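Trainee: Okay, here's what each chain looks like letter by letter:
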Amino acid sequence: MTKNSGAGATRRGFLKAGLAAGGALAAGRTASAATSDPAITEIQPWNSESGDPVDFAPYGKPSEYESEAIRRSVPWLTADPISSINFTPLHKLDGTITPNGLCFERHHAGAAHVDPSKHRLMINGLVDKPLVFTMEDLMRFPRENYIYFLECAANSGMEWRGAQLNGCQFTHGMIHNVMYTGVPLRLLLEEAGVKTNGKWLLAEGADASAMTRSIPIEKAMDDCLVAFKMNGEALRVEQGYPLRLVVPGWEGNMWIKWLRRFEVGDQPWQQREETSKYTDLLEDGKARRFTWVMDAKSVITSPSPQAPITHGKGPTIVTGIAWSGRGTVPRVDVTIDGGKNWYKARMAGPSMDKAMHRFYFEFDWDGRPLLLQSRAHDSTGYVQPTKDELRKFRGVNSIYHNNGIQTWYVNEKGEAENVEIS
Amino acid sequence: MSKFLKTTVAASLASAFFSSAVLAEPLGLGRQATDEEVAAWNIDIRPDGQGLPVGRGNVADGEEIFAENCAICHGDFGEGVDRWPVLSGGQGSLTDARPVKTIGSYWPYLSTVYDYIHRAMPFGNARSLSDDEIYAIVAYLLYVNDMVDDDFELSNENFTSIKMPNEPNFFMDDRDTTEVPAFSHDVCMENCKPEVEITKRAAIVDVTPEETAAKAAAQDAKAEESAPAAADGQTTTEAAAEPAATEQATDAPDPELIAKGEKVFKKCKACHQIGEGASNRTGPILTGVVGRPAASVEGFKYSKGMKEMAGEGLIWDEANLDQFLTKPKAFVKKTKMGFAGLKKEGDRAAIIAYLKSVAP
Chain U
1 MTKNSGAGAT RRGFLKAGLA AGGALAAGRT ASAATSDPAI TEIQPWNSES GDPVDFAPYG
61 KPSEYESEAI RRSVPWLTAD PISSINFTPL HKLDGTITPN GLCFERHHAG AAHVDPSKHR
121 LMINGLVDKP LVFTMEDLMR FPRENYIYFL ECAANSGMEW RGAQLNGCQF THGMIHNVMY
181 TGVPLRLLLE EAGVKTNGKW LLAEGADASA MTRSIPIEKA MDDCLVAFKM NGEALRVEQG
241 YPLRLVVPGW EGNMWIKWLR RFEVGDQPWQ QREETSKYTD LLEDGKARRF TWVMDAKSVI
301 TSPSPQAPIT HGKGPTIVTG IAWSGRGTVP RVDVTIDGGK NWYKARMAGP SMDKAMHRFY
361 FEFDWDGRPL LLQSRAHDST GYVQPTKDEL RKFRGVNSIY HNNGIQTWYV NEKGEAENVE
421 IS
Chain G
1 MSKFLKTTVA ASLASAFFSS AVLAEPLGLG RQATDEEVAA WNIDIRPDGQ GLPVGRGNVA
61 DGEEIFAENC AICHGDFGEG VDRWPVLSGG QGSLTDARPV KTIGSYWPYL STVYDYIHRA
121 MPFGNARSLS DDEIYAIVAY LLYVNDMVDD DFELSNENFT SIKMPNEPNF FMDDRDTTEV
181 PAFSHDVCME NCKPEVEITK RAAIVDVTPE ETAAKAAAQD AKAEESAPAA ADGQTTTEAA
241 AEPAATEQAT DAPDPELIAK GEKVFKKCKA CHQIGEGASN RTGPILTGVV GRPAASVEGF
301 KYSKGMKEMA GEGLIWDEAN LDQFLTKPKA FVKKTKMGFA GLKKEGDRAA IIAYLKSVAP
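First to last, the sequence lines map onto chains U and G. If you count the first sequence from 1, position 115 lands on 115 in the numbering used here, and the numbers rise without skipping. If you count the second sequence from 1, position 64 lands on 64 in the numbering used here, and the numbers rise without skipping.
Hints are computed from structural coordinates only; laboratory data are not their basis. Here the structure is a predicted model, which is why all the values come from computation and not from measurement. Please note that the accuracy of each hint is not assured.
Below are the DSSO-like pairs computed for lysine-lysine, each with C-alpha atoms no more than 27 Å apart in a straight line [what the hints assert, rightly or not]: (1) K413(U) / K92(U); (2) K336(G) / K260(G); (3) K340(U) / K336(G); (4) K118(U) / K269(G); (5) K344(G) / K266(G); (6) K266(G) / K413(U); (7) K193(G) / K313(U); (8) K277(U) / K163(G); (9) K267(G) / K344(G).
This is chain U alone, in the form it adopts within the complex (with noise of 0.2 Å):
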């Protein structure tokens, strides 16, 4: 599945670079070479002293140093913490995989906490026998294993109107991609033996909001699972334990948590969630309803404003991250002039339907100003428009679905700025 293995493309991308602003680079290494490093010369308390005992964080967390990688929330955004949002830190994360702990959080009415052995799924309407199945049920059938985004709807919804937050975090932190184990949903529902006019399903969580959302028997049968891991372990409270609906490339809304019930139906519920929330109002006043599939997008995570660049001119990575909710992102073009001209960036890391994929450039700064962008291709050929281009079709009241083209202006200094260009 890995198209680029990395490691030799990134020398020879840096020895090109290397010939081309060698006074640069050679001046670097001379300046460094007057003092010596006390981080090397003077003995460090780690280098003499034993460390941590086993057992010392029977659950291991991040190093110290790493406490700025964290969710951060936007308080203006609700009126309260506990139906709110924040927002995964991808300025600080590289690769594909989110860490369970920094999956950004949507709750509805707070997170939560439900007694596995308690939790009952339940299977009910239009099927030959309604069921009910304990968490020990669930996991007497196959289960799968997946990779996929996770999405909210509103990712990038505060940018409508122009660019507003400073730091990816913010523009785009509301997605994860993380690998899910479960049971196919078309199991279960086969066991329950759907009747011929079920052509709808309700899927309804246990928490105190009782999310529910309408989903197409088709998409049901096709690739939903009702999963139970996350990166191999029991799924965060956050994120739903003991179970939550994976509902592929579709908007994150529809991932029922705490996911206590489907109910076959033959038309839709038109819930809360499908009516008044996650509809698309239009300029001219009509809304777009069931606006399920994630269009494809992509964004660089660094340089970004909360991941300035810090080193000064020469060598510098560009990276970012990439998804579409109708398959692989196989080619991502970067550039650094606003558009002027593009490169096709080096795709690193598994290609997987529906999941993130990761993209570096590498070049040579030379120290000027930059306009950076990504732009994604997905594997149906669409490729990820313009916030212009968008808005002609969109306006700029529809909050959900922008998958518009981000740019960052960094300075001479390396700051970046969350900006629009023309």
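Dock chain G against chain U, hints included.
Mentor: Quick look at chain G alone, frame taken from chain U:
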């Protein structure tokens, strides 16, 4: 949908290999749900009325129930308080620069209003309203949206006859025929435009939150780094946490009661914060509330009624708190607190113990 169906067929053919070997027929796992169980959870209501319980409620009753249970966040007439959802008005605003999407101006089906209140409202106390109370609230919401008169009564019988004005303005996702073809094109890679200008800047808008938590954490990490105590090889965070925990323990007469109180406090958390980093939300900060004068949290807008009682010297001692929490509106007339009260004496004792246990 046809393209979608094809993919589905292909996908199921591919996976048939795997599943057919394991699952020739159902595994017989799980058990049949009883009628009572299905009835307990099957609470959804559809636009065609499927799921509606037998019941009725009128605008006048709805106004009262709404004032008691909903107005604290949504305002007396559904106008919305702070950033809580606006439920009324906004008709004709959907093409405005700032559309106001309310039940009257946007929601396509009335069934959604009933369904949502029933499953999720009041916020922090879901599933506490009776069927008739919900009918009354829905009737009141129709009234504040100018859709019915003040003598209107809503019931399961006339429910589906009410059509929401904005329903015709919703249409199925058409991106596959509009946006997807427009965006699926060849791209320019070289000399694509002569000039580029910055047109919008986030720095000017300046609404990005200060990263106070992150900054504090970074400072903590630095302090740890330089602290000589760290030389014993243990991180200092654990040690630093210890004295605080001990202190709390000596203050605590009954840890079990406090733990129970913390659980009961979940009912309050929608509006109140307590402890480190707490701020005023819909309700005032409750850190140190036991023993303090009423209406004394700075920066919180108290109700007239609460201020009057504070003027008369009301102190939140345990006895007064107990009375207030039994039935807030009976103790402080016109308090903003839209909480029905804690009927169980044990719950009140537990919550007071918990409130006492959180040191300022």
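Trainee: It remains to establish, for every hint, whether it holds in the given structure.
Mentor: Here's how the hints hold up against the structure:
no.: 1; hint: K413(U) / K92(U); result: holds, 20 Å
no.: 2; hint: K336(G) / K260(G); result: holds, 26 Å
no.: 3; hint: K340(U) / K336(G); result: violated, 58 Å
no.: 4; hint: K118(U) / K269(G); result: holds, 24 Å
no.: 5; hint: K344(G) / K266(G); result: holds, 15 Å
no.: 6; hint: K266(G) / K413(U); result: violated, 48 Å
no.: 7; hint: K193(G) / K313(U); result: holds, 26 Å
no.: 8; hint: K277(U) / K163(G); result: holds, 19 Å
no.: 9; hint: K267(G) / K344(G); result: holds, 14 Å
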